[in-house]
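**Q** Chain by chain, the residues:
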Amino acid sequence: MFNNFKYLVREGLRNMWANRLMSLASIGVLVCCLVLMGSAILVSLNLNYAMKWLENQNVVMVFLKDTVSSSDSSYTRQDVEKMILSIDNVDPSSLEYVSKTEGYDALMKRFDKNDELMQSLGDISNVLPNAYKVSFKDQSRSRYDVTIKQLEALDVVYTVRENREYAQKLEKMNETVSVVGVWIVGLLLVVSLFIITNTIKLTMYVRKLEITIMKSVGATDWFIRMPFLVEGIAIGVTAGLISFGLVSYIYSAATSAIYQVMTTGALPYSKIFLWLLLAFLGAGIVSGAMGSLVSIGKYLKNDGGVVGE
Amino acid sequence: MIEFRNVYKTYDNGTKALRDLSLRVNEGEFVFIVGSSGAGKSTLLKILMREETPNSGEVIVNNTRLSTLRHRDIPYYRRTLGMVFQDFRLIPNMTVFDNVAFAMRVTGASTKAIRKKVPYVLAHVGLSDKAKCFPNELSGGEQQRVGLARALINNPALIIADEPTGNVDPRMSFEIVDMLNQINRNNGTTILMVTHEHALVRKFRRRIIEIQNGELVADSGPEVDYYV
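Order-wise, the sequence lines are chains A and B.
All you need for the working numbering is the position in the first sequence, starting with 1, plus 1.
Just so you know, the working numbering puts 190 at position 204 of the second sequence, and the rest follows in order with no gaps.
To be clear, the hints were calculated from the coordinates, so they are not data collected in a lab.
There could be a bad hint or two in this list.
The calculated lysine-lysine pairs, modelled on DSS-like cross-linking and capped at a C-alpha distance of 30 Å, are [stated by the list, open to error]: (1) B:K98 <-> A:K7; (2) B:K98 <-> A:K209; (3) B:K2 <-> A:K7; (4) A:K209 <-> B:K103; (5) A:K110 <-> A:K170; (6) B:K102 <-> A:K7.
Here the structure is a predicted model, which means the values were calculated and not measured.
Modelling step: build the complete structure from the supplied sequences, incorporating the hints.
**A** Structure below.
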């Protein structure tokens, strides 16, 4: 049986080569499909990752009114801190003062000071308000929102910046990406199945005589099917590997860009590449195998086609 | 060996191909099947190959009742037959060796067994020196001998030849039928040969079955061996 297996695999690869133009077309379409699918999934995964990261941050920036910080203010830092800590959900140990210069430095770290845009802004070291970084004891949604409201109501507070707001925005984005992604991928999957089916049909047409002879000498359905299955799977594997390479390249390029603008960062490539590879190979193999089985199935049901035609 | 009992076959388009056909061929016989075109000879062969099934009646080949044969058992049944075709049915991009090996490979034979047996059978049909040739490099007679080698490779108990001399020049035709004749005599292989060529039929003097309009019109009966 092993002899046969080797023979049948070789036959399948030979078919693929003999039909290289159509094989190439199949691979191309399948690659498009897989790359888009992979990208959509990766974007979605990363948005989820960012959401989780933001939610787990549990850091709320409480920006103070400019008047509070000036020297003629009626409030001292102690007064302000007492007011913030009067809200019982605020974790006292987390309270941390961020002066406007510290805030500015932190911001500047993420941008290139020599950048043209930054230069054109001139000196902006004074525009940021003083702030407090705080964490909450109870993070449950209802409690969280109430605490934010309480902070905002404080006389000294200019505004409260919380991460959950971003998280929700990301969630909306994630939904959009998912919906659009599913449609595009679905459509492309149909197209690529169609093309693979046709490629195999073409091979079958070319090898009609061979199949007829195979049947007349007593080849089982599986013996006839195997080379076509191998051809489909080979197309799928090739497309999977190409897609994996492409997406890996795009992802590495994209994540290094993301690091510059988003503190959350992206899912590290080392954590996902194995899954990515398996997913691409799996999707490629399944669609290739399905394409070939569908196209040959009808033909094999017929017992005839041996004598005379 | 082969038994047809009251076989009827009507195609979907209304053509009545076989009408109440009954015949019996014993093991080791050599039978010519003659009849004008459209007489039902092809249908007879298709039923024997289990490409078609009769509307009614019973066909038994080699103790296999064809009406009860399941789809997945058909290949195994076909392996017990050797087929020779008028148009040779050789695969053009395979060498003579591979064409013959192919029929063995299908049965799951090992490469070792193939390497051993194919040259033996090729020698038997006198094509040892052509093993590496492609079909289009051979004459019609040679191509048909490759076809014969392929039919022989799995040691079938029954060889069915569908006008094997139709595309072969007369001198070679004689040679092909003579080969079938030898196989029949030496191995006891049952042979069923459909043909138009009355000259050959007369020359070899084996059992003759004639079919007209799907009916058996003449049967010379169990063969009277004129050779011995």
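**Q** Please go over all the hints and tell whether each is borne out by the structure.
**A** Quick rundown of the hints versus the structure:
1. B:K98 <-> A:K7: holds (14 Å)
2. B:K98 <-> A:K209: holds (28 Å)
3. B:K2 <-> A:K7: Cα-Cα ~46 Å, so violated.
4. A:K209 <-> B:K103: Holds - the C-alpha atoms of B:K103 and A:K209 are around 27 Å apart, at most 30 Å.
5. A:K110 <-> A:K170: Cα-Cα ~25 Å, so holds.
6. B:K102 <-> A:K7: Holds, at about 19 Å.
Hint check: a violation occurs at hint 3 only; the rest are consistent with the structure.
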